[in-house]
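Protein sequence lines, in the order shown, are assigned to chains C and H. Okay, so the first sequence: first residue is 3 according to this note's numbering, each after it adds one. Okay, so the second sequence: first residue is 10 according to this note's numbering, each after it adds one.
Calculated from the structure, these hints are not laboratory results. This one's a predicted model, so the numbers in the text were calculated from it and none came from an experiment. Be aware that a few hints might be false.
[What the hints assert, rightly or not] DSBU-like mimics (lysine-lysine), calculated; alpha carbons at most 30 angstroms apart, straight line:
1) Lys174/H <-> Lys245/H
2) Lys90/C <-> Lys298/H
3) Lys47/H <-> Lys62/C
4) Lys333/H <-> Lys245/H
5) Lys47/H <-> Lys333/H
6) Lys62/H <-> Lys124/C
7) Lys47/H <-> Lys298/H
8) Lys62/H <-> Lys245/H
9) Lys62/C <-> Lys62/H
10) Lys58/C <-> Lys298/H
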Amino acid sequence: MPHDRDALITGIGLISCLGEGVDAHWDALNAFAPVVDETSFPGFPVHPMTALALDKQIPKRGDQRQMEAWQRIGTYAAGAALDSAGVKGNAELLSRMHMIVAAGGGERDYAVDSAILSALPKAENPGAYLNEHLLSDLRPTLFLAQLSNLLAGNISLVHGVVGSSRTFMGEESSGTDAVRIACARIAAGQGDLFLVGGSYNAQRPDVLLHYEMGHLLWKQGFAGVWERQAAGGGMLLGSLGCFLVIESRAHAVARGATPLARIASVATDRSRRGAGEATANAQRQLAALDGTYDAAATAVISGASGAAAATVEERAFLDGLGLPVRAGASAFGHGLEPSFPANLALAAMSIARGSLFAPLEAAEAPMAGPLRDVLVTGWGHWRGEALAHVTAA
Amino acid sequence: MQDTDHLGRPIIVVTGVGVITSLGQGQDVNWRALTAGKSGIHRITRFPIDGMKTTIAGTVDFIPVPDSSAPAMSERLAELVIEEAIAESGIGQPGDFPGPLFLALPPVEMEWPQRLALAAESGANETVAYDDLLRAAGSGDHARYYERFLFSSVGENLAVRFGTKGSPIATSTACASGGTAIQLGVEAIRRGEAESALVVGTDASVNPESLIRFSLLSALSTRNEAPELASRPFAKDRDGFIMSEGAGALVLESLAHAWARGATIIGVIEGCGEAADGFHRTRSSPDGKPIIACMRNALADAGLAPEDIGYINAHGTSTPENDKMEWVGVSAVFGDRASSIPISSNKSMIGHTLTAAGAIEAIFTLLTLRHGVLPPTINYDTPDPAVPVDCVPNVARAAQVSHAISNSFGFGGQNVCVVIGAAPK
Numbered sequence: 003m004p005h006d007r008d009a010l011i012t013g014i015g016l017i018s019c020l021g022e023g024v025d026a027h028w029d030a031l032n033a034f035a036p037v038v039d040e041t042s043f044p045g046f047p048v049h050p051m052t053a054l055a056l057d058k059q060i061p062k063r064g065d066q067r068q069m070e071a072w073q074r075i076g077t078y079a080a081g082a083a084l085d086s087a088g089v090k091g092n093a094e095l096l097s098r099m100h101m102i103v104a105a106g107g108g109e110r111d112y113a114v115d116s117a118i119l120s121a122l123p124k125a126e127n128p129g130a131y132l133n134e135h136l137l138s139d140l141r142p143t144l145f146l147a148q149l150s151n152l153l154a155g156n157i158s159l160v161h162g163v164v165g166s167s168r169t170f171m172g173e174e175s176s177g178t179d180a181v182r183i184a185c186a187r188i189a190a191g192q193g194d195l196f197l198v199g200g201s202y203n204a205q206r207p208d209v210l211l212h213y214e215m216g217h218l219l220w221k222q223g224f225a226g227v228w229e230r231q232a233a234g235g236g237m238l239l240g241s242l243g244c245f246l247v248i249e250s251r252a253h254a255v256a257r258g259a260t261p262l263a264r265i266a267s268v269a270t271d272r273s274r275r276g277a278g279e280a281t282a283n284a285q286r287q288l289a290a291l292d293g294t295y296d297a298a299a300t301a302v303i304s305g306a307s308g309a310a311a312a313t314v315e316e317r318a319f320l321d322g323l324g325l326p327v328r329a330g331a332s333a334f335g336h337g338l339e340p341s342f343p344a345n346l347a348l349a350a351m352s353i354a355r356g357s358l359f360a361p362l363e364a365a366e367a368p369m370a371g372p373l374r375d376v377l378v379t380g381w382g383h384w385r386g387e388a389l390a391h392v393t394a395a
Numbered sequence: 010m011q012d013t014d015h016l017g018r019p020i021i022v023v024t025g026v027g028v029i030t031s032l033g034q035g036q037d038v039n040w041r042a043l044t045a046g047k048s049g050i051h052r053i054t055r056f057p058i059d060g061m062k063t064t065i066a067g068t069v070d071f072i073p074v075p076d077s078s079a080p081a082m083s084e085r086l087a088e089l090v091i092e093e094a095i096a097e098s099g100i101g102q103p104g105d106f107p108g109p110l111f112l113a114l115p116p117v118e119m120e121w122p123q124r125l126a127l128a129a130e131s132g133a134n135e136t137v138a139y140d141d142l143l144r145a146a147g148s149g150d151h152a153r154y155y156e157r158f159l160f161s162s163v164g165e166n167l168a169v170r171f172g173t174k175g176s177p178i179a180t181s182t183a184c185a186s187g188g189t190a191i192q193l194g195v196e197a198i199r200r201g202e203a204e205s206a207l208v209v210g211t212d213a214s215v216n217p218e219s220l221i222r223f224s225l226l227s228a229l230s231t232r233n234e235a236p237e238l239a240s241r242p243f244a245k246d247r248d249g250f251i252m253s254e255g256a257g258a259l260v261l262e263s264l265a266h267a268w269a270r271g272a273t274i275i276g277v278i279e280g281c282g283e284a285a286d287g288f289h290r291t292r293s294s295p296d297g298k299p300i301i302a303c304m305r306n307a308l309a310d311a312g313l314a315p316e317d318i319g320y321i322n323a324h325g326t327s328t329p330e331n332d333k334m335e336w337v338g339v340s341a342v343f344g345d346r347a348s349s350i351p352i353s354s355n356k357s358m359i360g361h362t363l364t365a366a367g368a369i370e371a372i373f374t375l376l377t378l379r380h381g382v383l384p385p386t387i388n389y390d391t392p393d394p395a396v397p398v399d400c401v402p403n404v405a406r407a408a409q410v411s412h413a414i415s416n417s418f419g420f421g422g423q424n425v426c427v428v429i430g431a432a433p434k
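Turn these sequences into a full structure, and let the hints steer you where they fit.
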């Protein structure tokens, strides 16, 4: 039964290595050919961001210059989501639009880092050397390009989203919790119109360094996330930007918006990842959905990262459901914070079209029949388990 | 007395608080120092200050932390203030807090000591590039670094230790983060998701690079010669904020839940308001509209009028810009009363605890109402005619206040205001 406080997805801004927008993604997914950059970071393949005409969403060159890539990706995707929802430039709506951004941090100045790392150990007074070079060599505005909440700040500045602005941090879980809190606030009448999402720039050595310290990266030729598991698993990171406009049904109807899908439920939790703990969380989340979807017309879009332990456990859980599965990370790479919003975007666009896109690898079964429901998983590569149920609006 | 508010929502009360600042550990130590007008600002000894434009800070130097880094120390401060808050509240069982965790946390990234350690391991001689760091990262066991510098590890570790429920949420709205964490907790209880929530703001990120980043934005005071005199909110010769460390934790509960278990109520979170500013990355709209909106939104949420407010716990950073804009906002919201309503800045004594400020200052506001004493704004010796506030200059003042607001504003257009009420009699 439609309800005024239903959470509807009324706009999607999605950019990745597969292109820009849901139509481009739909086409690319149905004729899937991996887009991987194997040369920029030798030995560390990444899915690169598609070429963006930045002026389209970030018209002022000064704004583009003030941002680093992760902020440009996010600000661009946010603008695309506002366009898609038909709210771009509508000052009245944007003045009461609530923003929840899932963010990590921004790029460093790699040349400055390298120069300091090279010379500091030989300096007579290493502490003084560090101070002197940070003071003279860091661009003053770089700080603002690094601060986690400044993606949201740039979206306020460039697109005028000023109802409120909150940033969540915490890898995959920041994205799952951003969506959960937005939907919960809509259901409880704590807001009507939300912009939720995030961005990730995989094409930077410091993030590769971070995950290499955890021995978590896939360093061979392209393979889908399931296929990788036979060779020890690993994450193939991808540059990704995704924002969703999520609004109450009453609000969407009142302004004549066309919804793409409904987020019928979204649950998040955590565990220490002891044996079977993540599965137990997922089972609880699934049990709460009991009877609310028709298995014959349901598929799973998995947020599996490719990192071995979590991916293997999630796959076993999904096999028990017997539903067709697609892993978004095989298509656009694993993008940490915006992964869950991006997989929700794939779910919403598939539901809007009434069918699931083609398998991305041999371990994924084709689905011939109509699609009415999608379960979207969001298991973090380290911690955090989420499950959303997306259905027709 | 009923247990729902003017909109029929659960009334949210605070039943336990914990705080650490450069003034010391615990509410009693902090409250005594704060009402005595004592400053916690001092010369930095944690790292070399050669060449620095600012050499003073409100660091917390009395809590030893092994393998120290901003997230390691922020986590340790959070643990200590949470322990204090839960002990006062008496809620739950050890390691089993009955509600969710909302954490205001500074952004996390690998720091120079770890970067230098990898560089040394790489064995590169003349120049060290990220390729060398990557090679070193892949060849050894660096799982500890990897886990430490995940954005999620502080919240995860706290959730494990205190047994909070559900996915812990770490938020950053820059210098408004503590206020945002409180608002998230209030909203969760109002939605009926939980009867209680654990809110903590923590920040221990005074290191060479973060100090220099703020310095390069000309945000910091350079009154290095007399550290305790450097933070001077609302004074005409204020010249920037003092970077500081600290943490504050609050146990939030529905009033019904607190009553049912016979808890002592410290005060009430009556409402929260927020508004984003799209004017500039670091500056407020010159018309003050978002600051005004966040205070008005908070009052509306609390069901109060400006006349009901008896005290303002200012954001009051001591930067020329912030204190002027806060006055613009306060004078618009409070009209004729703006110059007579007491508005003091804890930052004159503890400096700017950044991510933690909203939580710490909400706690100090609760204590202000509880004890009937307004903490002063110290170092107020040269009034600024452009900012004609009653900042409770230099000396604490006895005053019974029923309702107060605590403001937090941050880079990126972040504005949060929390309305705090005295415990029901």
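A quick look at each hint next to the structure:
1. For the proposed pair Lys174/H and Lys245/H, the alpha carbon gap of about 48 angstroms is over 30 angstroms, so the pair is violated.
2. For the given pair, Lys90/C sits about 21 angstroms from Lys298/H by alpha-carbon distance, which is consistent with the 30 angstroms threshold.
3. Note on Lys47/H and Lys62/C: the hinted pairing is violated, with a Cα-Cα distance of about 47 angstroms set against a maximum of 30 angstroms.
4. The straight-line distance between the Cα atoms of Lys333/H and Lys245/H is roughly 10 angstroms, inside the 30 angstroms bound, and the hint therefore holds.
5. As the CA atoms of Lys47/H and Lys333/H are separated by approximately 24 angstroms, the hinted pair is consistent with the 30 angstroms bound.
6. Simply put, Lys62/H and Lys124/C have alpha-carbon atoms about 24 angstroms apart, close enough for the 30 angstroms limit, and the pair holds.
7. Between the alpha carbons of Lys47/H and Lys298/H the distance comes to roughly 34 angstroms, so the proposed pair goes past 30 angstroms and is violated.
8. Straight-line distance between C-alpha atoms of Lys62/H and Lys245/H comes to about 21 angstroms, which keeps the hinted pair within the 30 angstroms bound.
9. A C-alpha spacing of about 33 angstroms is found between Lys62/C and Lys62/H, which places the hinted pair above 30 angstroms, so the restraint is violated.
10. For the hint linking Lys58/C to Lys298/H, the alpha-carbon distance of about 29 angstroms falls within 30 angstroms, and the restraint holds.
Hints 1, 3, 7 and 9, counting from the list given before, are not met by this structure.
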